[in-house]
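Protein chains in written order, with my numbering: chain F, 1 to 288; chain L, 1001 to 1255; chain S, 2001 to 2350.
These are calculated hints, taken from the structure and not from any lab test. Ideal Cβ positions, reconstructed from N, Cα and C, are used throughout, including at glycine. There may be inaccurate statements among the hints.
[Claimed, not checked] Across the chosen pairs, the derived CB separations fall in these ranges:
#, chain 1, residue 1, chain 2, residue 2, range
1, F, S117, S, A2253, 18 to 24 Å
2, L, R1123, S, Q2174, 57 to 63 Å
3, S, Y2196, L, W1137, 51 to 57 Å
4, S, L2018, F, R164, 24 to 30 Å
5, L, G1010, S, L2093, 26 to 32 Å
6, F, A74, S, S2330, 37 to 43 Å
7, F, S117, S, G2270, 41 to 47 Å
8, L, P1062, S, L2093, 45 to 51 Å
[As the list claims (entries may be wrong)] A few chain L positions that, by computed beta-carbon distances, are all more than 12 Å from chain S:
#, residue
9, A1020
10, R1060
11, A1084
12, T1097
13, R1118
14, E1122
15, A1125
16, A1157
[To be verified] So, partial list: chain S residues that the calculated Cβ filter (under 7 Å) puts toward chain L:
#, residue
17, L2010
18, L2210
19, L2318
20, K2321
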Amino acid sequence: MDNLIATGLIGISLGSQYALLALGFTLIFGILGVVNFAHGGFYVMGGYVAYYCSVVLGLPFPVAVLAATLATAALGWLFEMIILERVIEDHQATLMVTMGFYLVMATAILLLFGPESPEFSFPITGVWRAGGAYVPYANMVVIGVCLAAIVFVYWLIYRSGIGRAMRAMAEDRAVASALGMRTRALFPFAFALATGLAGLTGALVTPILALAPHVGDPVLAFSFLTVILGGLGSVAGATVAAFIVGMVEAYAAVYLGGSKGALALFVLVLLILVVRPQGLLGREVRRA
Amino acid sequence: MSASLAASAGALRADSISKAFGGLKVFHDVSFTLPPAGLLGVIGPNGAGKTTMINIMSGRLPLSSGQVLLGDTRIDGRPVYANADQGLVRSFQQTATFAGSSVEDNLIAALRFAKRDRSVLERLAPLLDRFGLIECWGRHAEVLPYGLQKMLGLTMALATQPKMLLLDEPAAGLEKSERANIDAYVGFAQREFGCGILLVEHDMDLIRRLCPQVIVLDGGRLIAAGPPGEVLSRKDVIDAYLGGADEEDADAQHS
Amino acid sequence: MSNQASIRRLPQARRPALLGGYEWATLGLVGFAFAVPVLTRNPQILSQTNLILIAATAALGVYIMLRMDLMSFAVPAFMAIGGYTVAVLSLKLGVTDVILLGVAAFVMPALCAVPLGWLILRLKGVYFVLVTFVLTEIVQLLLFEATPLTGGSNGLVGMPAVTLFGIELMDNSQVLLTTAGLAFAGFTITALFTRYFRYEFTAIEKNDVLAESLGLACWRYKALAFSVAAGVSGLAGFALVNMLLTAHPTSFAPMSSVSYITYTIVGGKGAILGTLAGAALLVTATDLFALKGELSPGLFGLLIIVVTLVARGGVIGLAAKAAGRLRRASPAAPARVAPIAAVPARGVKS
Chain F
1 MDNLIATGLI
11 GISLGSQYAL
21 LALGFTLIFG
31 ILGVVNFAHG
41 GFYVMGGYVA
51 YYCSVVLGLP
61 FPVAVLAATL
71 ATAALGWLFE
81 MIILERVIED
91 HQATLMVTMG
101 FYLVMATAIL
111 LLFGPESPEF
121 SFPITGVWRA
131 GGAYVPYANM
141 VVIGVCLAAI
151 VFVYWLIYRS
161 GIGRAMRAMA
171 EDRAVASALG
181 MRTRALFPFA
191 FALATGLAGL
201 TGALVTPILA
211 LAPHVGDPVL
221 AFSFLTVILG
231 GLGSVAGATV
241 AAFIVGMVEA
251 YAAVYLGGSK
261 GALALFVLVL
271 LILVVRPQGL
281 LGREVRRA
Chain L
1001 MSASLAASAG
1011 ALRADSISKA
1021 FGGLKVFHDV
1031 SFTLPPAGLL
1041 GVIGPNGAGK
1051 TTMINIMSGR
1061 LPLSSGQVLL
1071 GDTRIDGRPV
1081 YANADQGLVR
1091 SFQQTATFAG
1101 SSVEDNLIAA
1111 LRFAKRDRSV
1121 LERLAPLLDR
1131 FGLIECWGRH
1141 AEVLPYGLQK
1151 MLGLTMALAT
1161 QPKMLLLDEP
1171 AAGLEKSERA
1181 NIDAYVGFAQ
1191 REFGCGILLV
1201 EHDMDLIRRL
1211 CPQVIVLDGG
1221 RLIAAGPPGE
1231 VLSRKDVIDA
1241 YLGGADEEDA
1251 DAQHS
Chain S
2001 MSNQASIRRL
2011 PQARRPALLG
2021 GYEWATLGLV
2031 GFAFAVPVLT
2041 RNPQILSQTN
2051 LILIAATAAL
2061 GVYIMLRMDL
2071 MSFAVPAFMA
2081 IGGYTVAVLS
2091 LKLGVTDVIL
2101 LGVAAFVMPA
2111 LCAVPLGWLI
2121 LRLKGVYFVL
2131 VTFVLTEIVQ
2141 LLLFEATPLT
2151 GGSNGLVGMP
2161 AVTLFGIELM
2171 DNSQVLLTTA
2181 GLAFAGFTIT
2191 ALFTRYFRYE
2201 FTAIEKNDVL
2211 AESLGLACWR
2221 YKALAFSVAA
2231 GVSGLAGFAL
2241 VNMLLTAHPT
2251 SFAPMSSVSY
2261 ITYTIVGGKG
2271 AILGTLAGAA
2281 LLVTATDLFA
2291 LKGELSPGLF
2301 GLLIIVVTLV
2311 ARGGVIGLAA
2321 KAAGRLRRAS
2331 PAAPARVAPI
2341 AAVPARGVKS
């Protein structure tokens, strides 16, 4: 029973990280119509910037996390402005340049920091116990920050002027343009927001899980999983799906072992795509 | 418009068809019959549901209720290619060709997909010549002037030797001087291939010239049917046109 | 209408050959690989040629799907099915005949692709990409989990050498001959297949709505292509397993699909020769860069971005352009007809 609860909390912790990653991913798709293959790269970059700031420069951990968020957002902004913008109308080209950029990022990190995992651990140690359930404080901090970030993103999307414009874009780009919105001006902002979220997640999570140049690969796969499950472009769908994925992964790791949980999730996602291509909460399939 | 049973063999019949997108009714309880080798004009203000109707008749969109019959076969909701196999072929309002392929290859593609042989092209030669497509035989479709691209698309539809042609505003975007090509096209299709034609058009002069019968759609309802001279002088039809001028074009996003 | 006599005749029908210049050149180059073991015993060259041929054959799976503008990440999945089919047949059933194994390596993935294609080819553009990616992840996980059949994380090891008419193909040069045979088969199948259905594939790529309206059942051709692409990938999987003498999940890592896409895109997706050129250039480059650590992914990434931004046709596209310029510069060339300027669509009402 205690184990059940502890596993559930781990699931929530995983779910909240996936939610942050998937929110960014789905925003990029909804607003720009782009599948961002570089998403995992920004996650890794966030981890390394946080590592560099806190371990090498000796800055406080929260400052390091903030720096990681800003640095990834800034790079996302530049990438969108300089490269992605030029091919934004061609979905295959956007796929190619984000994929290429991911490879470049991963190699750059490898060159700068070497292939080995650096010594990077969460500054808060210790375990919270209630009855027989154990949950590391680190996970609770991650849950807290991620939930706060999710609330912030929701506020941004549903309550602010920028959010209204972004939702209108995701709804129907042609109509939004016809209404005189300066649609293009939103693209770098949305992209930077999304990559900043990925960087934030990386900064928070890599000290708990692992930090190495290649840890972006599974992040990409799980982001795919989450957004397909929730419906590409659907913000609420991505959030719900992220927690489903986190829970399944946590319980499967404890009770099934191996990669059976991941396998079950992937097969589930494949089936969902076949019977309900718009995902659990998505609307019409966007013709992309 | 009730046709006798004998005449309806091979006819294209819409049987009280309705279509709604979400809560929005695009059209409602529309019935009409296009006899084999017949010619029926469809007019109506923007947003009357004309393109949606072609999308439904060709199979691209499912119906909300009612049915579409070709002869005795129910065809609504079947794949577009299956209906094309049965001889029901549509044209598009915008230019529709295979970019990067020559005029010849575009036509050969149409023949291939409809499982026709090259002799059909020989029969189409007078039309191709008239449109000026033979001079452009080896040129890529996308570099042709707009009017030629449009005529190429129409000729490709005809190259499948359809029994029924659904033409979605063939004259839209053509110069006044090019519009006589549509007359020639419709006449040729009927005379040489015996096609039945459903002609959706905005150009009233063209409708008057060509169509012995028209139906008028407004706000998704069939408000009038009959010979164009008679129908176009009716007060409700004129009102529909005057009132419909400022309506949003609901067709746009589904075209 | 004008009277019959004045009507211009249709131009004489061209009967274009099934295979074009690019196909013949490519098949010639791949065929030349059979001669490499005769010309040299240098193990470095033999193994490089081997790697290039395997990479190029795998990249054909990407090339085939790109005929219809579909980007496939599924190549490693079908390579794995082909490779493991061969490993299981030879280890558990003692089949070593290279022709039998080759047929199995093609047929098994192609059959698996039929129901999958039927399921996922209704999905458009981006969704197709995502599903092929997910599919590759699933196969990778299955290889680890289905231990009784696949050996799990140990893989399948200790395969006997393949035989041709009872002769063992064992040493370096004979392994290269096997690879060359599989690559030649893969390239021949791809060339014939993509050229035979070129009208269908072009139509689906450029305007599938129009193609359907003319009577083309697009999904059938997509499913067929998906199946053939899977089969060709399976041949590459066989060649890889045969070279390594083991079937192991890491040989079919999901991210390796990125490499196969890179070969095709950088070489030039417009012609089959591009796939071969891309594989040859990049596999060689990987080898050179490996001296300074694992830098080749960065190079691949950079090349993908550059090609996408400034040279869509890839290496082959650039070469063709350069050749065209040379031909025009030479005085003997016939004057070219100036193309009619494209007229922008005007007066289009929706």
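Consistency of the hints with the structure:
A hinted range of 18 to 24 Å for the beta carbons of F/S117 and S/A2253 is consistent with their spacing of about 19 Å. Take L/R1123 and S/Q2174: their Cβ atoms lie about 59 Å apart, and the range 57 to 63 Å holds. About 24 Å separates the C-beta atoms of S/Y2196 and L/W1137, a value inconsistent with the hinted range of 51 to 57 Å. At about 57 Å, the CB distance of S/L2018 to F/R164 disagrees with the hint of 24 to 30 Å.
Taken as a hint, the range 26 to 32 Å is violated for the pair L/G1010 and S/L2093, whose Cβ atoms sit roughly 58 Å apart. Range check, F/A74 to S/S2330: Cβ separation about 51 Å, and the 37 to 43 Å hint is violated. Evaluation of the 41 to 47 Å hint for F/S117 and S/G2270 yields a pass: the beta carbon distance comes to about 42 Å. For L/P1062 and S/L2093, the hinted distance range of 45 to 51 Å is satisfied, since their beta carbons lie about 50 Å from each other.
Separation of L/A1020 from chain S is adequate, the least Cβ-Cβ distance of about 20 Å exceeding the 12 Å criterion. Consistency note on L/R1060: stated as away from chain S, yet its beta-carbon is not over 12 Å from all of that chain's, at 8 Å minimum. For L/A1084, the non-interface assignment is contradicted: its Cβ lies about 4 Å from the closest Cβ of chain S, within the 12 Å cut-off. Against the 12 Å criterion, L/T1097 falls within the reach of chain S, whose nearest CB is about 7 Å from its own CB.
A cut-off of 12 Å between C-beta atoms contradicts the statement that L/R1118 is not in contact with chain S; the least separation is 6 Å. For L/E1122, the condition that its CB be more than 12 Å from all CB atoms of chain S is violated, with the nearest at approximately 6 Å. For L/A1125, the shortest C-beta to C-beta distance to chain S comes to about 5 Å, within the 12 Å cut-off, and the non-interface label is violated. With a cut of 12 Å on Cβ distances, L/A1157 falls inside the contact zone with chain S, its closest approach being about 7 Å.
Annotation: S/L2010 was flagged as interfacial toward chain L, and the flag holds, the nearest CB pair being 5 Å apart, inside 7 Å. The interface hint given for S/L2210 holds, since its Cβ lies 5 Å from the closest Cβ of chain L, which is under the 7 Å cut-off. For S/L2318, the interface hint is violated, the least distance from its beta-carbon to any beta-carbon of chain L being 19 Å, above 7 Å. Because the closest C-beta pair between S/K2321 and chain L is about 16 Å apart, greater than 7 Å, the hint is violated.
Violated hints for the displayed structure, listed by number in ascending order: 3, 4, 5, 6, 10, 11, 12, 13, 14, 15, 16, 19, 20.
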